[in-house]
Amino acid sequence: MTKIGLEIHCQLTNLESKLFCPCKANYREYEPNTNICPICIGLPGSLPRLNQKAIEKASMIAMALNCSTPEKIAFFRKNYFYPDLPKNFQITQLNIYGDTSIGGLGYTMVGEKKIRITRVQLEEDPGRLIYEGSSSKNQTTLVDYNRAGTPLVEIVTEPDFENPKQVREFLNILSDLLQNLGVSDPSLEGAMRADANVSIEGGNKVEIKNIGSFHDLEKAIHFEITRQESLYSRNIPIVQETRHWDDRRKITISARSKEEELDYRYFLEGDIPWIRIDKDTQERLQKEMPESISSKKDRYVSKYGIPAQVADVLSSDKFYSDLFEQSHNEKNAKEIANIITTDLMGLVDTREKREQSKFTSKHLEELADAIQSGKITRNSAKNALYEIVKTGKDLTQIIAELDLGNVSDESEIEKIINEVISQEPQAVEQAKKNPQTINYLVGKVMQKTKGKADPKLTLDLLKNKIK
Amino acid sequence: MSLRISALEYVQEVQNGNISAEDYVSKTIEQINNVDENLHAFLQINSEAIDNARQIDKKIKSGKNVGACFGMPISIKDNICIKDSKTTCASNMLENFIAPYDATVISKLKQQDAIFVGKTNLDEFAMGLTTEFSAFGPSRNPWNLDYVPGGSSGGSAVSVSAFECLASLGSDTGGSVRNPASFCGVVGFKPTYGLISRFGLISYANSIEQIGPIARTVKDTAFILNMIAGLDPNDNTTIDNSNQDYLLGIDSGIEGKKIGIIKEMIGEGIDSAVMSATKNAISKFQGLGAVCEEVSLDMVKYSVAAYYTITATEAGSNLARYDNLRYGYDFPVEGYEFNSYISKARRKFGPEVTRRMILGGFVPSSGHAGKYFLKALKVKQKLTQEIDQLFKKYDFLIAPTVPVLPFKIGEKIDDPVALFLVDINTVTANLTGKPAISVPFEISNGLPIGIQIFANSNDDKSLLQAARALESTVKLPEVPI
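So the protein sequences, as listed, match chains A and B.
The opening residue of the first sequence carries number 152 in this note's numbering; numbering runs sequentially from there.
The opening residue of the second sequence carries number 4 in this note's numbering; numbering runs sequentially from there.
So that you can see chain B by itself, here it is in the shape it has in the complex:
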């Protein structure tokens, strides 16, 4: 039995009785034990995973109703709460936090008999795009261990790419699902804002972030989405998707569709290999019968600045609750005055989180808000207007997911500004609420390149169809792990 199958193939094999959940999950755990010492995708492994699988096998044998996952091993980014298990956000601040409840996505997957093999590494509180800002050490790219896997859902992307699970859930605030998916050669999807409940996702910048699946194929992505999308009374920002089936008609193709190539995302600073991959993708789309032309999204040039201003403001507020009074790490309050206690307790935040919180204290403050925060909101609004205009004419927009190839661990960590620019192609989807997906497209010098497709709000289904069409033209080499 090979681990190297897709999630849907797994379901098929279990249903046909060719493999058992216990076999597959045991092998998956074995794989984690073999490779994760080097990759560091996981922060914790679920010691009950194999037992859980055995239970599901029993259920299957007894002819009882079994959920759509059939014991499929899934990994979960460690900023999503699973009841009674540690949820650390890769931060020392939450090193002992045990969630007393399940995130909505977790309860939905539990209902479908998914098995959570473990919690995956991330940049602390999802702030970063290399996983190097994890308080517990970086993850490594399975394609080349010297390279970053992207981030912040680095651990999730690595675990999918390295066969340590069949699919994963990450979160995407400015590209945190798509970026590592692109760097690790897997599919990463950021849905329309509100399509997936955020209840149980530890907020970083709540007005723009979404949980998103990471999987090995577009179909697997649609399969996972089917189970976790839709209205949730626990998240007032969720939207009613009328129980759409995202798998149905996923092979419909894109003949006759109009595609815009975003000029501002293939401009200055783009790696030549990424540029050539983009050109190849365009001709593939044309070969599939789509019409492609270059379009302009002028506000993109301000998008990263606006993104950091908005996210810092929201982070400053969302992370204010970590005062160590109700939960956190062992640090007694006796003998402290409140303010001196929390300022001391909050020193456990790592450098990147601290940096963004300081920024978040400044940009929305009175006297400065007009120059920074309010201006950022204006950029967000204008960018949305611009992209809405484009979607009147085009079905999809495309760009490389990241304008550069994966880089070495340590190469850019001390250069926040260089890191910020890696976000340039991904933040637009978050600022405008649009769905976007990264599809693995080429390997250059042994490193993956992903192509990103955007669609209009609530067009997630046709977006997956376009992604599937592009994927069908691609045959990537096996990951060298």
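For reference, chain A alone in the conformation it holds in the complex:
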């Protein structure tokens, strides 16, 4: 049986400052090496200054993953030399000398499958290396320390995945969960990264590192399973090792064997005293945590009668569910859910589009009211929404400017129906024989009115005409 485990690193991008200094946690908009200070570049004499907020956010992640949360946590030093590591050690957590990481054993469900979480820990992100030069001979490495010290949560799973598809589903769930908690924006470049370990029946565990995206992660796991199966079928032993994902060639390459593993000389970070997260704090955090995705979904279904599939889509994306929460009331909830999931999602499907868009929850409210009161058709509402997203103008103004108001004047619709009947004699004949095909004629009327004709009225009138 194939066994896959994950090690996910997620930046707490929504925090104001880095884990141990006042520099910005969101380093992305800065010129290289400008979001730095004596602490995060490890100048002599500097000491880490713990960001308490990071402890709270990481605790929330642990709780949301059903982990045990010890009352006392500690930080450790992981010692190794690397140019992206200003102090040449990383401040991280460890469970060797007792459970002192922020989260212990937990689990999360992927459909019916239970994925066990081994631990959740808080640590500092290293800087970023940028390689220049084509061959290894004339390669130059540039270091940007803007990222160094960014709060990073490491989530380690048990090897409970059986295939890459489960991995993808899990990562989607995790990504939604982190976003819903308001701790991170996984859509930011590099905000969420994952390493995998893969083993097949009868083989040793192989770790794959250096995977750039979740898309590549799936590919890397696929490749690794195939590679290991091929070795196994030829009776070649699978060695326990760390392999790097080669992004260009889409293969894994041996990096180091178990014998060559670095000795990190872990020991307690004396500059940060033990941190108590007592029962009261845990209860407070539990209360401050936003409603979980599954609870939202249940509520949408049971309270508003929103179809399960729509509720699922709506609840799992924080951006849309926040919008829903802000704009809905008992009367319009279903309509709003509908507008969001069928129309809006297509209009603001990327981060950039969301940032550029001008609409507010108030717009959605007005739109739903207009549809429900018959002011505009669903079809026109879609056009109006497009304008709203683009311009942020008032709905009434858009209806006027684009002439989107419903045509519910009987005589006017009748005039158009007569036109259609004279142009489509064949369809009329068919509709007489088979009443279901009348929709084709309704469509023609809609076309002529640019979708503004009241569909119910049109249908009634048409039925009368061709009876």
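Calculated from the structure, these hints are not laboratory results.
Watch out, some of these pointers could steer you wrong.
When the alpha-carbon atoms are kept at most 20 angstroms apart in a straight line, the in silico DMTMM-like pairs for lysine to aspartate or glutamate are as follows [stated by the list, open to error]:
hint, chain 1, residue 1, chain 2, residue 2
1, B, Lys381, A, Asp250
2, B, Lys378, A, Glu411
3, B, Lys347, A, Asp235
Put chain B on the given structure of chain A with help from the hints.
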């Protein structure tokens, strides 16, 4: 005007208008120019010190608020950062490092209008107890120039003893303030762990070290402590001392106090002169109304081994950042692969630092940690339990600061094991986090002997009272400088 006054006397004289800051600081600089060629207490002299003093005099004349130091010249060990000035740790590795910020103790003293006359010599990265391991040459003992001044804050102790400043800040990882204070006949104080912010102190073994004042009197020590102690948001290990005034009630005496004499610190290998000084100190304490009896601190016999294991482990990690990539000395990286570059760049470390880093790479490594590092931590824990037990019964513990007299320069430098044993009486305070002070007590053959007093954590104030009581019984000859 004499340089030979205490820090508090200086404040008094300036306040009374008897002397000006400029006069005193100028004379101090003159003294440095006269004596430091032989003593080598300083690595750098602040060329603006006299100008700074003039500014403070102006402030005093104009009736503006003046800080408690009134332009007092203070020297600073060269492992504590002063903004825009070189901080070398007496290492070639940092020979060009200019600190871009002030250590917390420095900003606090600046606020009180102290003047930093210069940065003082030390064993490279504070690793040593003679100042001989400075990359820039040893300091010399003002009592006898052939002798070591102790270390690692040797330059600080020398500068205080030789009137090159009124007080100094050193750092104490295993006795580095108390040891040179004892060898140079001045007061050296290692506070409770966390009482003084370490922000800006270049770490050697961060879990046990503290900045500590070196001064000519116990009162001066308390005066300096008042200004630099307390909670600091930049150092998460600092403790809230509720703004205690350590000078207030410093003459309270020690009548009725119980004092334990640590048996293991006056045992094998102790110099007979040091032993007799200790006995004299005990009778002085008794004369002051304290009750003294011998006590045992069994774990002391393992303390030096544990100390070197822990400090090497932390040093190996703390000094790993010196890869010369972001600061350091001129050595271009072009054409090197990372690992070959840093191994070459790091050859600038001196022999003692290298020795401890190699040790630090080994003792906590997987497969060996259980035998060394983890065992050392266990000793630390047991020693702390033992001393905590003693403090349930005793107010203070005493022992000679160093079991031997100062020795000649070069005498022990090639014998690391002999040097290590000089630490036996001082490392306990660091391993247990307790405050300890060295009080100059006797001169034997022209060389000073200090008596060490320990107190329980956060009892720094009563410790200073006990030290003051002992000091009041002592009259030492003038330092022959």
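Requested in this report: Compare the structure with the hints numbered earlier in the document and write down the numbers of the violated ones, lowest to highest.
Outcome: Per hint list: single violation, 2.
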